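K.L.:
Throw the hints in and build the complete structure from the sequences for me.
Chains as they are written, first to last, in this note's numbering: chain A, 196 to 529; chain B, 4 to 529.
No lab work stands behind these hints, which were simulated from the structure alone.
There is no bait here: all hints are sound.
Under the rule of at most 25 Å between Cα atoms (straight-line distance), these lysine-lysine pairs were calculated in the BS3-like manner: (1) B/K116 x B/K88; (2) A/K449 x B/K397; (3) B/K375 x B/K144; (4) A/K459 x B/K345; (5) A/K335 x A/K371; (6) B/K501 x A/K335; (7) A/K459 x B/K397; (8) B/K484 x B/K495; (9) A/K491 x A/K476; (10) A/K412 x A/K444; (11) A/K335 x B/K495; (12) A/K444 x A/K476; (13) B/K345 x B/K397; (14) A/K476 x B/K345; (15) A/K459 x A/K449; (16) B/K441 x B/K495; (17) B/K345 x A/K449; (18) B/K144 x B/K381; (19) A/K476 x B/K397; (20) B/K397 x A/K444; (21) B/K441 x B/K501; (22) B/K95 x B/K116; (23) B/K309 x B/K116; (24) B/K345 x B/K381; (25) B/K441 x A/K335; (26) A/K476 x A/K449.
Just so we're clear, the structure is a prediction, and the values are computed from it rather than from any experiment.
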Amino acid sequence: MAISKSRKKIVKKAKKPAKKARPKAPAKKAAKKSAKKTAKKIAKKSAAKKSPPKKIAKKKIMKKKAAGALKRAVRRTTTEIQPALPEAVLLHIDDLESMVAHASREASERVSAEAKKFEIGVPTNGLAAPQGELPWEYGKDRAVLLVVDPTFVFTYWEVTNDSIKRATESLGNDGKLTLRFYDVTRTHSIEGSNFWDVEVFDRLGNWYLRLLGPEQKICLEVGLKNSAGHFYALARSSVMRLPPQGLAKPGPIKWMVVTPAGDKLISDVEDYTDADLDLLKRILGPYFYDLLMRGKLATITGSSIEAIFYEVENFIGLQAGAGESPGSSPWSMA
Amino acid sequence: MTKGYLSIVLHAHLPYVRHPEHEEFLEEQWFFEGMTETYIPLLDMFESLFLDGVDFRITMSLTPPLISMMTDGLLQDRYSRHLGKLLELADKEMGRTAHDWSFRPAAEMYYHKLHRCRYIFEQRWGRNLVAGFKHFQDMGKVEIVTCGATHGFLPMLRVSHDAVRAQIAVACDLHERHLGRRPHGIWLPECGYYPGLDEILWNNGIRFFFVDSHGILHADSRPKYGVYAPVFCPSGTAAFSRDFESSKQVWSAKEGYPGDFRYRDFYRDIGFDLDFNYVRPYIHRDGIRIMTGFKYYRITGATNHKEPYNPHAAREAAAEHAGNFVFNRQRQSEYLHGLMGKPPIIVAPYDAELFGHWWYEGIDWLNFVMRKTACDQKDVKLATPWEYLCWHPKNQMATPSESSWGNKGYAEVWCNGTNDWVYRHLHEAAFRMSEYAKLYTNPDDNLRRALNQMARELLLAQSSDWAFIMNSGTMVEYAVKRTKDHIWRFNKLYEEIKHLQLDMNFVAELEWKDNIFPEIDYRVYA
Chain A
196 MAISKSRKKI VKKAKKPAKK ARPKAPAKKA AKKSAKKTAK KIAKKSAAKK SPPKKIAKKK
256 IMKKKAAGAL KRAVRRTTTE IQPALPEAVL LHIDDLESMV AHASREASER VSAEAKKFEI
316 GVPTNGLAAP QGELPWEYGK DRAVLLVVDP TFVFTYWEVT NDSIKRATES LGNDGKLTLR
376 FYDVTRTHSI EGSNFWDVEV FDRLGNWYLR LLGPEQKICL EVGLKNSAGH FYALARSSVM
436 RLPPQGLAKP GPIKWMVVTP AGDKLISDVE DYTDADLDLL KRILGPYFYD LLMRGKLATI
496 TGSSIEAIFY EVENFIGLQA GAGESPGSSP WSMA
Chain B
4 MTKGYLSIVL HAHLPYVRHP EHEEFLEEQW FFEGMTETYI PLLDMFESLF LDGVDFRITM
64 SLTPPLISMM TDGLLQDRYS RHLGKLLELA DKEMGRTAHD WSFRPAAEMY YHKLHRCRYI
124 FEQRWGRNLV AGFKHFQDMG KVEIVTCGAT HGFLPMLRVS HDAVRAQIAV ACDLHERHLG
184 RRPHGIWLPE CGYYPGLDEI LWNNGIRFFF VDSHGILHAD SRPKYGVYAP VFCPSGTAAF
244 SRDFESSKQV WSAKEGYPGD FRYRDFYRDI GFDLDFNYVR PYIHRDGIRI MTGFKYYRIT
304 GATNHKEPYN PHAAREAAAE HAGNFVFNRQ RQSEYLHGLM GKPPIIVAPY DAELFGHWWY
364 EGIDWLNFVM RKTACDQKDV KLATPWEYLC WHPKNQMATP SESSWGNKGY AEVWCNGTND
424 WVYRHLHEAA FRMSEYAKLY TNPDDNLRRA LNQMARELLL AQSSDWAFIM NSGTMVEYAV
484 KRTKDHIWRF NKLYEEIKHL QLDMNFVAEL EWKDNIFPEI DYRVYA
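P.N.:
Structure (structure tokens):
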């Protein structure tokens, strides 16, 4: 019970008025122990999770867990998917390692400003246990894909024993539960599209999958596959399109008028020229333009509030007061 | 001559936390702190700007959970009681620091601010702050936009189209009920957008929303003016983009506004620092030390040694930083106007609670920014997005890319190993809700009440705050419990209806506990 331990420590410490009582400091030891235990427990678990992580005392554990879960998911994905992957989704160990390292670093560095509005000085007791546990299963065949970022998707599935029995009757007894991912970027339907299979063991489960490029359209089916390669689909997800990671290809610029009353009119269309690209470059300035062209903009701007708060916290003590505009501002170089 | 528009956007939101079953509840403190440190000071600021004849403009989201809490009688009573205790503590602090000139100025500041706070809450707005915000909305000074009904992160809910539609429709209805008109705009929860969402917004009468910078820069058509002009989605809804420069200007380490040594330190609080018996009546009833809001030290530097807080010096710093901010917006507008040949709109969105709560002097800073922009120069004009669209109805057409303003710009904060387990249950509950909404078109009164309560439980479970908290690692147990409780209650009602065993005592208990959206109609899921 890491939380109650840490609470006791906080109360004890708080009784010493001379000491500065920072609410976060005391639970570190408990957190470390608990993190080790949690890591061991999770290592034993299969990909399917039926309940959320519990008894987590402090941010660091959550961050370790988050990074750990990501790492594990990626490793599973690497080891089990790689043989069946088409060229478009080949994973490289180096990429994975660097991604995991990046994720761990991000996780350990992340200090959320928004989370501060939830800080009232002590961990919560959460009161009593929840009224009831959540259902282990819903008794339906379901496959769902969710976009996490331009190269990362989360999927979960459930198939019933009855459905597995039905599939077995059709395929024979050597059918194995399989996730089949379709790349429907060009085909717009699963017919004739590239696919790759991942064998799974649990009829309920979830998975993180890293893909090579953004803007792919993918779809998932869960079903049984026999040794002859025949696949019996039990559930299919909707098609998800991964978001783009950079500037769109040049194309016509359309202008639209929408009046305050809500009337809409496409007024005119013009070609996109080099002058337009130059204008965008000058508007953004070379720093942000370069990030945009390298597909790195989202990692800067999207995280700015949280990341910048972290910077601010670390910055305290090094420098204070309004300084000059950062060199990245285009107008400061104008 | 106006060379650019500045649109400051405050996103005011807290999750719905109201526990009538307990006399005192720790997490209700979030709301109390927000009231004392952010929402009431903001209203006070609006009033002072108006009385001084400052032609200010600001855009603010008031999320449905926040509106519901601000207008809830029980929470109003509890806040009044909380404020009474703070005033009692302020009195004591005046005595304690009577001969201590290091801390006396801060003690006096708290004393006067809290009395002002009580006046604004009790007398000026009769305990209903939403009426105060509506007052300034009706004057045309504040553009109030809505948000998802319970701040559900919509890209993760889109598996059920009905669930997304309900988040928007329920929010717009509640907004209209409390603010007297349909919202022109919306702050999408966590700025979470995906292509196609704009159609749902348009169908609900919403004309604009906000995305993070990469949402526009990665749009399906190259944005001619970058993030400094909105784009119209094919549906007709406009998307405004966050300006990363003004975000950096405020929060960047290089600028360091909130990190200035003169500003108040967030962590040092007498709830932890003073003798236990002295603070005992003002901390948690179980004796757990919590923050009281009385903080006497300034940031000072990267050291554990902290100097006493000087309110006058801090206010001076806020004025300096506001001057710096406005000066930079002038230069930015000049530069962009020269390139674009028309005034850019600089959209600067922030979490409202960071002003006052985290950055204590943030409200002063905003106040100075409003005054300096409105009165001290003519290059930059304060404007709301709706005003901009009325003045500039012709804009580029493009569909923004899927994006959010969370860490790394997409959905990772709300979908990772700490919180991904919730989606299986949230999606199934949404499917079940749609199933019943289509099935029961003409229910009797009891069934209608149960179905409406199912809709409330589903919406409360969908709040992105729970996944956010699970990810951040602070107050995790509460977030897990809330998610499980709402889904469990939803499923229990589902099963009871399915087996024709509806327990109306249970329904009544839930109506009493989870009383958000009293006018909800479950058929929004049909």
